[in-house]
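*Asks:* Here is how the chains run, residue by residue.
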Amino acid sequence: MNNNERLAEIIATKLLEKGLIAENNTDFMNKLSGGNLKDVDWKFLLEDVTPLSQNAQTETNETQEEDETE
Amino acid sequence: MRLNNLALEAFRGATQPITIHFDPLKPITMVFGENGNGKSTITDALTCLLTDNKGSIEDKSETEPKYLKSIGKTEAKITLNTSDGAFIASITGTARTIVKNPEVGQPTLKFLRRKMIVNLIESKASDRYKELKDFIDVAEIFKCEEELRKAKRTAESDLNTIISVIAESNETLERAWIEEGQPAESYLNWAEMQAAIDISDLTLEVQKYSNLKSKWLNILSKYESYLAVKETFRAAQLDLQSKDIDLEAAKIQNEAGDVGLLELLEKAKNHIEHQEEIDVCPICSNDMEKNVILESLSNRISTMSVLKSAYDAHARSKINFDQNKAILDREIIALNILLIAYKNLINEFVVAAPTIGDFISNLGDDAETNISIFVTNKNHIDDLNVTIYSNEEKKSKELSQNNLIVSQFNSISRNKINAEKLQSLGRSLSDTLDIVETSRKEFIETELESISEEVDRLYSSLHPGEQIGNIKLFLKPNAQSSLVLGGSFHTETQIAPQSLYSESHLDTLGVCIFVALAKKYGDENTILVLDDVMMSVDENHLDRFIDLLHSESVNFGHILVTTHYRPWRDRYRNNRAPGGRVHFLELRNWTIENGIKVYNGKLILEELKQLVTNQDDFHRENIASTAGRMLENILDYLTLKFQCKLARKPKNDYTLSELINGFPTTLLRVLKVEHLSKDASGLYTDVNKTEVLQPIIDKLKGLNAVRNQVGAHFNFDGSFVSDNDVLEFGSTVIELADLLICPDSGNLPTNGNSGSYWRSSSGAVRLYPIVSP
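From first to last, the protein sequence lines are chains V and H.
Heads up: the first sequence begins at 1 in my numbering, then just goes up one per residue.
Heads up: the second sequence begins at 1 in my numbering, then just goes up one per residue.
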């Protein structure tokens, strides 16, 4: 495993933790380690993604709104 | 994997085919050659074959890769034969691409040229990383990171554009709302209401008024056309009347003539002219002569020319009249059709505009009459059209306004959704970029940290006790790829080594960094090439560097060293370095005609043994001279090791006699060597020979004059020295050398770590004592 592949694996793990990529991400890792992700690919990959941090923030806001209503 | 040989054909300085054979039992090959003898050709060949780089030619600006081929050659070929098979590269044409066979799977090559050390040390931090990026290769990830950065930038730019469009739409709506007198709570409410209105009736109305306007304009246009045609027709009519009068007058002037006869005569003349042979009249069947009858016909026709001219003019006028009549008829019909259709369209307006009643009710079947009615009522219809035009304008404006409001309102709604999507995408891109960038930096930092430890270890072994070291490599904070070097110097810590280290210390630092990188990112099959990296270091540092190279050689498949630094070569040649583990090659006498010439370098002891044993070509002077140099070398080593007291001399240029008499008696009594053999685990532990050195040294004391008399000077006394004495001097020096020089590593014992003896690199030879008593 070369450095690009090792780093791709690290990045994929972190992106998965943040909900930015799906679980089955072999294709993503291959493209990333091979230098084959163009700007349009990144946009396509992330256009329908809502990071877990955003979800959590949204839920917090909703809870706060509910509390305030009560 | 072991290297067998490297064959070059027409590659750079190899103008003639050459094969360099490697010794598979020796992990290091040293190629010594003065500048311009082909060292870089050999290292460039390996670089071109085993990497994507083109070697030293890339270090210089404005170089052309086609000169990878020898001058005048069309194809260069590099072949590396190894225990794992052959690897071949062909270079043709402009040499932009190098064709390799196999295309992939070449052995890994890590190479270091002096230029790289200079760049690493002297470059700015941002450029310094470039020198290492071939080792810590995350270039593919970095490429994707740059694309990700671009994606983030364009997403932000797209979002800004959409926000501007929304703002413009809001402004447009607000302006229109104010112009309309602010009819609802807000312009957005108003726009929403406008968007909900059913505009199908309004659209139909606009279409109706537009159609009426268009039809009326068609009628006016057609009427203009009709008038023009009618004018032309009238002119044709007048012309025909005039031609009638002219024809009647011509007939009166030519009483005998008649138009019918004229036509008949012309036809007869035409017929006879076109007959090749004719001698009978086609009408009366009487005999006739062609020429006579044609002359008669021409005369009669000529007399009727005025009538003929009038007749022709009348005929043309009649045709023109007929044509214009037909055009006029068509115009009348077309205009009439438009009028009838228009009458039906404006029928609904008769109540509102009763003046058009005559036009509507009187229009009948006769087209010309209808045109007259139109002309009569045109003013009334014009009045009606003022109203129609006004309505059309008003309704169109109403429709446009509604369309504008709806389109702007829809644009705002649509773009708000797009903006939300882009904001979300922007956040995801930003989060992802943070992760990718941070991970890359952390990865490189970790790699650099691990390399730093190794660099510091290697550097400390080169510079023990010099109060320099603690070498650290790290990325510059807040920069994408800027490499910073850190170290200590006496009391100063965490300094840039460039600030305080000497040039030679920086050189060795550069070498340590590259060796550490090659070690980390290579494997046991990696070929390490050091191309002329060592310039000028002192004796102690050179010895330590050689030791370092030998101890690190176990981590690589093969190490190829090229140098033009003669002291390095001489350390091996004189057994001051482990020459037994180095395949020693020398390059000499390069010429464009003969190309690179490789010679197997000989150690001085091998040379002496050959001289002594070669009875066919016995050469007493060479034996005495070579033995003398060998003996001086050994004695220099021994007197230094035991710190013998010699008479102080400005340049330490001691004679053989001074050196051999420099041992104190107390030392000579205990000076001995042990030769050991390997045990079952491969370590030298069993002493199989012990030899005291005093007898040999004493013997050599008696023979050392041979060197001066035979091997150093021309003098009369030398002629009295027998061949046997010369041979005995040579053989005794060999005997001493064989006792002291390690048969395995090929160097003199220099390692004093045991505390009680000096040991050779392999451990096969021990020299006692450790210090002079």
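Bear in mind the hints are in silico, worked out from the structure with no lab data behind them.
Positions of the beta carbon are idealized from the N, C-alpha and C atoms, including for glycine.
Among the hints, a few may not be true.
Said to hold, decoys possible - Using C-beta positions, here's what the derived DEER-type ranges look like:
| hint | chain 1 | residue 1 | chain 2 | residue 2 | range |
| --- | --- | --- | --- | --- | --- |
| 1 | V | Lys14 | H | Lys421 | 48 to 54 angstroms |
| 2 | V | Lys14 | H | Asp52 | 29 to 35 angstroms |
| 3 | H | Asn751 | V | Lys14 | 45 to 51 angstroms |
| 4 | V | Lys14 | H | Ala167 | 34 to 40 angstroms |
Unchecked claim - In silico DSS-like cross-links for lysine-lysine, where the CA-CA straight-line distance does not exceed 27 angstroms:
| hint | chain 1 | residue 1 | chain 2 | residue 2 |
| --- | --- | --- | --- | --- |
| 5 | H | Lys143 | V | Lys18 |
| 6 | H | Lys699 | V | Lys31 |
| 7 | H | Lys150 | V | Lys38 |
| 8 | V | Lys31 | H | Lys26 |
| 9 | H | Lys441 | V | Lys31 |
| 10 | H | Lys100 | V | Lys14 |
*Asks:* Honestly, do Lys14 (chain V) and Asp52 (chain H) meet the 29 to 35 angstroms range at C-beta?
*Replies:* holds (30 angstroms)
*Asks:* Are the Cα atoms of Lys699 (chain H) and Lys31 (chain V) separated by 27 angstroms or less?
*Replies:* violated (76 angstroms)
*Asks:* Taken at face value, is the distance from the CA of Lys18 (chain V) to the CA of Lys143 (chain H) at most 27 angstroms?
*Replies:* holds (22 angstroms)
*Asks:* For the hint 48 to 54 angstroms, verify it against the beta carbon of Lys14 (chain V) and that of Lys421 (chain H).
*Replies:* About 24 angstroms separates the Cβ atoms of Lys14 (chain V) and Lys421 (chain H), which means 48 to 54 angstroms is violated.
*Asks:* Holds or violated: Lys441 (chain H) with Lys31 (chain V), Cα cutoff 27 angstroms?
*Replies:* Roughly 20 angstroms between the alpha carbons, so the hint for Lys441 (chain H) and Lys31 (chain V) holds.
*Asks:* When you check the alpha-carbon spacing of Lys100 (chain H) and Lys14 (chain V), does it fall within 27 angstroms?
*Replies:* It is violated: about 39 angstroms lies between the C-alpha atoms, which goes past 27 angstroms.
*Asks:* Would you say the C-beta atoms of Asn751 (chain H) and Lys14 (chain V) sit inside 45 to 51 angstroms of each other?
*Replies:* holds (49 angstroms)
*Asks:* Given the proposed pairing of Lys150 (chain H) with Lys38 (chain V), does the C-alpha separation stay at or below 27 angstroms?
*Replies:* holds (9 angstroms)
*Asks:* Is 34 to 40 angstroms respected by the C-beta to C-beta distance linking Lys14 (chain V) and Ala167 (chain H)?
*Replies:* holds (37 angstroms)
*Asks:* Is the straight-line distance between the alpha-carbon of Lys31 (chain V) and that of Lys26 (chain H) 27 angstroms or less?
*Replies:* violated (42 angstroms)
The structure does not agree with the numbered hints 1, 6, 8, 10 stated previously, though it agrees with the rest.
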